[in-house]
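In case you want the letters, here they are:
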Amino acid sequence: MFQTTIDHVGVEERAAKLGQRSIKAATKVQGIKLALSMIDLTTLEGKDSAGKVRAMCQKAKHPLPGNSEVPHVAAVCVYPNMITVAKQALAGTDINIAAVATGFPSGQYPLDIKLNDVRSAVNLGADEIDMVIDRGAFLSGHLSKVADEIALVKEACGAAHLKVILETAELETYDNIRKASWLSMEAGADFIKTSTGKLSQAATLPITLVMLEAIRDYWYETGKVIGMKPAGGIRTSKDAMKYLVLVKETLGDVWLTPHYFRFGASTLTNDLLMQLTKEMTGMYQSVDYFTVD
Amino acid sequence: MKKNSEAPHLEIVESRRLLFGDLWDYAPSPEKPVNLKKHYDLFIDGKFVPAKSGKTFSTINPATEESLAEVALADEADVDRAVKAARKAYQNVWSKMKPAERAKYIYRIARMIQEKARELCIIETMNGGKPIRESRDIDLPLVAAHFFFYAGWADKLDYAFAGRKARSIGVAGQIIPWNFPLLMAAWKIAPALATGNAVVLKPAETTPLTALHLAEIIQEADLPPGVVNIVTGDGGAGAAIVNHKDVDKIAFTGSTEVGKMIQKAIAGTKKKLTLELGGKAANIIFEDAPIDQAVEGIINGIYFNQGHVCCAGSRLLVQEGIVDVVTRKLWDRLRTLRVGNPLDKNTDIGAINSKMQLEKICSLVESGVDEGARMHQITCDLPERGFWFRPTFFTEVAQSHRIAQEEIFGPVLSMLTFRTPEEAIERANNTPYGLSAGVWTDKGSKIFKIASKLRAGVVWANTYNQFDPASPFGGYKESGFGREGGLHGLMPYVELI
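Chains L and B supply the protein sequences, listed in that same order. The numbering used here puts the first residue of the first sequence at 1, with every later residue one more than the last. The numbering used here puts the first residue of the second sequence at 1, with every later residue one more than the last.
These are calculated hints, taken from the structure and not from any lab test. Beta carbons are placed, not taken as given, at the ideal position from N, Cα and C, and that holds for glycine. Check before you lean on any hint, since a few could be wrong.
[To be verified] Cross-link-like lysine-lysine pairs, in silico, DSS-like; alpha carbons within 30 Å at most:
(1) L:17 x B:345
(2) B:32 x B:88
(3) L:242 x B:55
(4) L:238 x B:345
(5) L:28 x B:165
(6) B:55 x B:37
(7) B:446 x L:179
(8) B:88 x L:28
[Stated by the list, open to error] Some but not every residue of chain B turned toward chain L, in silico, with C-beta under 8 Å:
(9) 16
(10) 21
(11) 24
(12) 25
(13) 138
(14) 293
(15) 442
(16) 445
(17) 459
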């Protein structure tokens, strides 16, 4: 296994430099459409209701009503209770249903409950499972406990894809993030994901770069293509374009698809739509012209 | 993945290569060229004047080979005029002025540079070929910072050297290179002015334009006439400055070859001398280095400014255990470098500064291949006109190869290997040069151990090519002597009493 440390000054400089790429004209339009197609449209709140989820699914199918050039999003991401509602609303589409499980967001539950959580979500029709790692175990050095748990969850997923949430804000250092990324990939993750979105600190460019580089090194060693999902805190088109630049220049074209790269976001969609409309019509529209779902 | 969509198949070629294609490519994003004057004169005694001979030379854009402007060609007579103007200004005005007043002028120049930064960085890129991203984010901010830094010293010289007083020297003749035209002018002019000296500066033959725009700023800033004089021309004008009897100090940045000629020429005269010459820096990567950041440091070390950097990390020393992984990562990183129009904001590697330099790079690269090193060169498209060289690195390089010993001054890296720290130090120091070096390891104690044994003026740890006006810069051995920047940068321009 190839391992290395991360120099935080260096990685932050590199991420900032990549963030300076100038994205204009056709590149911008194409990038925005690409970003839209990569969104895991998310609602993860205690107050989520069937009505709210149905409205979000409608948005997922037709982000910009009346414009067929705008792609639908990759998936909707909901709590297990909402899987059935989402499944009905998305019937007949290509849009996946991602469900958070394993005692999201803390993960502080007994293992059998976590595994049941996963099995039940898959039975209800989830195509993708977003699990959380046991950060307490990771930080206290019980790495094999974390890895074993991921492997068991992967088994419980069956055919469903597994995204492993590291909750990077709690891991704090880039070295930890790299270590946790590697461990997750070895234990069976299909995707690695930055955050639950429940903490104020979520995805950042340098954190994403560290994870993309881990994905690249894992691919160098094994040939397995692992996906990446930054989640939380990505709200503007400009930000989204920076993430795409990171993917393009770190991993290349193979990863520039919803199969291997996702944005976990709720408010990003409307800014992408607003910027896209501006590129198409030459002028900005009022926010009131974009539906809040 | 479920349903109709099928995951893209990864085509594994050349033992699994990442695919850096054009699935989502960046559209051109060029800065608009600045409208230049058709003709530029010499700046002597506060006025723009043609050369006495009336001669001019054409300065070009190395990215297009198109002529940008005609520039006055100074000879001995013009240099003499400039030195006389400098002497007069030094004696009558500048050396007598209160230091705090001197500082005001330098601050004013610094602020005006900031105001005109956008225009200046575009001209720098048009005339020199460096990417706009670098002239905008590195050259220009550092130019202003140098003037600000030394403006601050102007009225604090009494505190700079404990127990000693600093007295100005007189007229400084300064000759600068083409790789950082405006930044080198700032490095030379700012400390000279702060210490109360007058200046005759000669920009490089291929890149005279930003220095002349700086002259316009100096004129606009109302600096007393003659304190700064800028004479453009070829080696003849440089020689005239070196050999002029009334010059008190020579500061030269450029090739070791010319540096030696200058030192011979002024031997036995009153002239003080500082030389900042070539380099062949070792960039040492240990097994315990943060590899991805080190790879970035390698890239920044050698491909920054097309490798036209005297302190470039042109000799890469990699510990044997990580040679394969470093080579692979370096190659994949190299393939994402964007070579092309220097005015495009997404360009990483611009044009080679001149035809002459391109020929030099080509001949050294050829020698590398002939001597048996293995060449890795990316296959990007290049513009039809202009001077270009694809980013390249060599593996299987022996210490005795020319590409491991001579300064290439282009985007060409030579990779050597080592087994132990002792061997790394020995190899790093085994060069006639000694300007800079890099050390990459996550282990703090190792950094100090290695850095203290490297005979190089600047040693960077876990970074490379970082510059700051407060930090002294200069060489050992054939890389020259004297320091520029920081408190040390005042020394060459003062007499301590």
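*Violations among the numbered hints, reported as their numbers in ascending order*: 2, 3, 5, 8, 13, 16, 17
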